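Enquirer: Chains as they are written, first to last, in this note's numbering: chain L, 1 to 115; chain D, 1001 to 1115.
What the hints contain is simulated information worked out from the structure, not anything from laboratory work.
Predicted model, so just to flag it, every value in this text is computed and none were measured.
Quick reminder that beta carbons are idealized off the backbone N, C-alpha and C, glycines included.
Careful: at least some of the hints might be erroneous.
Dumping the calculated DSSO-like pairs for lysine-lysine here, alpha-carbon to alpha-carbon at most 30 Å [said to hold, decoys possible]:
id	chain 1	residue 1	chain 2	residue 2
1	L	LYS40	D	LYS1073
2	L	LYS19	D	LYS1070
3	D	LYS1107	D	LYS1073
4	L	LYS36	L	LYS18
5	L	LYS41	D	LYS1110
6	L	LYS41	L	LYS19
7	L	LYS22	D	LYS1107
8	D	LYS1078	D	LYS1055
9	L	LYS19	D	LYS1107
10	L	LYS41	L	LYS22
11	L	LYS41	D	LYS1073
12	D	LYS1110	D	LYS1073
13	D	LYS1078	L	LYS36
14	D	LYS1070	L	LYS40
15	D	LYS1070	L	LYS41
16	D	LYS1107	L	LYS40
17	D	LYS1078	L	LYS41
18	D	LYS1073	L	LYS36
19	D	LYS1055	D	LYS1107
20	L	LYS40	L	LYS18
21	L	LYS41	L	LYS18
22	D	LYS1070	L	LYS36
23	D	LYS1114	L	LYS40
24	D	LYS1110	L	LYS22
25	D	LYS1070	D	LYS1055
26	D	LYS1107	D	LYS1078
27	L	LYS40	L	LYS19
28	D	LYS1055	D	LYS1073
29	D	LYS1114	D	LYS1055
30	D	LYS1110	L	LYS40
31	D	LYS1110	L	LYS36
32	L	LYS19	L	LYS36
33	D	LYS1107	L	LYS36
34	L	LYS18	D	LYS1070
35	D	LYS1070	D	LYS1110
36	L	LYS41	D	LYS1107
37	D	LYS1110	D	LYS1078
With the Cβ distance kept under 8 Å, some of the chain L side facing chain D (calculated, not the full set) [unchecked claim]:
id	residue
38	LYS41
39	PRO42
40	LEU43
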Amino acid sequence: ETGVTQTPRHLVMGMTNKKSLKCEQHLGHNAMYWYKQSAKKPLELMFVYSLEERVENNSVPSRFSPECPNSSHLFLHLHTLQPEDSALYLCASSQGRMQGRTEAFFGQGTRLTVV
Amino acid sequence: AQTVTQSQPEMSVQEAETVTLSCTYDTSESDYYLFWYKQPPSRQMILVIRQEAYKQQNATENRFSVNFQKAAKSFSLKISDSQLGDAAMYFCAYDRGGSQGNLIFGKGTKLSVKP
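Between the sequences and the hints, there should be enough to build the whole structure, so can you do that?
Expert: Structure (C-alpha cells):
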C-alpha cells in the first residue's frame, strides 16, 4: 500500500460510453499525474496537476478530460474512446521539487479495455 | 528532448547471484534526478532507488545499488543476492525538472529470477 488508490481496477467500455477513472492520495502530496502504459511502449505522461492547477497537458486527445477538485483527488473522464486507447492508466503523486523530493508514488492502475 | 533508453528488454539471473540492468539517457540539463522503479505482476510501480545528479556518490538501498556515470549519461542498477521476489519489470526514469516532478520512463527490462 503506497497511499495512492485507483478505482476501478478494471474497466471495459464501449466506444460510445462515458466513464471516469478515480485516483485518491493519502500522502499529503501537492502534485498528481496521469500516465498511460501501453504494451511495448514507455510510460507516457498525460497530465500533471500542481496544487489543483493543470500545469502540463502532453497533447492528449480531448476525449480524455482530467479533473482535480482538490489536492487529494484526481479524475480522468473518458468519452468516445478508441480501441487504441486500451491500456493501463496509472495515477501518481509527488511532493514536488520545491520540497526537494521528486519521486512519484503510484497507484495500482486501471486496466482499461475499449471494445 | 530528453530520452531514456533501456537496451535490455529481458534479463535473467540465478537466485543469490548478481545482475546489472542498463540505462542511458539523453539530456542537456546539469541538475536532474534519476530513478529505478520496479513493477511486479501486481502492476504497482514501486520506487527502488533514487539518484541526484549533483551527487557523485552512487546511491545504495540494501541489495540495490547504482553505477551513475554522469559524463557518459549512464545509470545502471545492480541487484545483489537476487531473490525470487525481485522478478518484475524494471523501469529507469528521468525527472526532467520544472516546478514539479515530471518523469520520463524507459521501455523497461523484464527480470526473471531462476531458483
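Enquirer: Each hint should be assessed against the structure and marked as holding or not.
Expert: Here is how each hint holds up against the structure:
no., hint, result
1, L:LYS40 / D:LYS1073, "holds, 23 Å"
2, L:LYS19 / D:LYS1070, "violated, 44 Å"
3, D:LYS1107 / D:LYS1073, "holds, 17 Å"
4, L:LYS36 / L:LYS18, "holds, 18 Å"
5, L:LYS41 / D:LYS1110, "holds, 13 Å"
6, L:LYS41 / L:LYS19, "holds, 24 Å"
7, L:LYS22 / D:LYS1107, "holds, 25 Å"
8, D:LYS1078 / D:LYS1055, "holds, 18 Å"
9, L:LYS19 / D:LYS1107, "holds, 28 Å"
10, L:LYS41 / L:LYS22, "holds, 23 Å"
11, L:LYS41 / D:LYS1073, "holds, 22 Å"
12, D:LYS1110 / D:LYS1073, "holds, 22 Å"
13, D:LYS1078 / L:LYS36, "holds, 27 Å"
14, D:LYS1070 / L:LYS40, "holds, 27 Å"
15, D:LYS1070 / L:LYS41, "holds, 26 Å"
16, D:LYS1107 / L:LYS40, "holds, 7 Å"
17, D:LYS1078 / L:LYS41, "holds, 24 Å"
18, D:LYS1073 / L:LYS36, "holds, 26 Å"
19, D:LYS1055 / D:LYS1107, "holds, 26 Å"
20, L:LYS40 / L:LYS18, "holds, 27 Å"
21, L:LYS41 / L:LYS18, "holds, 26 Å"
22, D:LYS1070 / L:LYS36, "holds, 29 Å"
23, D:LYS1114 / L:LYS40, "holds, 24 Å"
24, D:LYS1110 / L:LYS22, "holds, 28 Å"
25, D:LYS1070 / D:LYS1055, "holds, 10 Å"
26, D:LYS1107 / D:LYS1078, "holds, 18 Å"
27, L:LYS40 / L:LYS19, "holds, 26 Å"
28, D:LYS1055 / D:LYS1073, "holds, 14 Å"
29, D:LYS1114 / D:LYS1055, "violated, 35 Å"
30, D:LYS1110 / L:LYS40, "holds, 11 Å"
31, D:LYS1110 / L:LYS36, "holds, 19 Å"
32, L:LYS19 / L:LYS36, "holds, 16 Å"
33, D:LYS1107 / L:LYS36, "holds, 13 Å"
34, L:LYS18 / D:LYS1070, "violated, 46 Å"
35, D:LYS1070 / D:LYS1110, "holds, 25 Å"
36, L:LYS41 / D:LYS1107, "holds, 6 Å"
37, D:LYS1110 / D:LYS1078, "holds, 14 Å"
38, LYS41, "holds, 7 Å"
39, PRO42, "holds, 5 Å"
40, LEU43, "holds, 4 Å"
The structure does not agree with the numbered hints 2, 29 and 34 stated previously, though it agrees with the rest.
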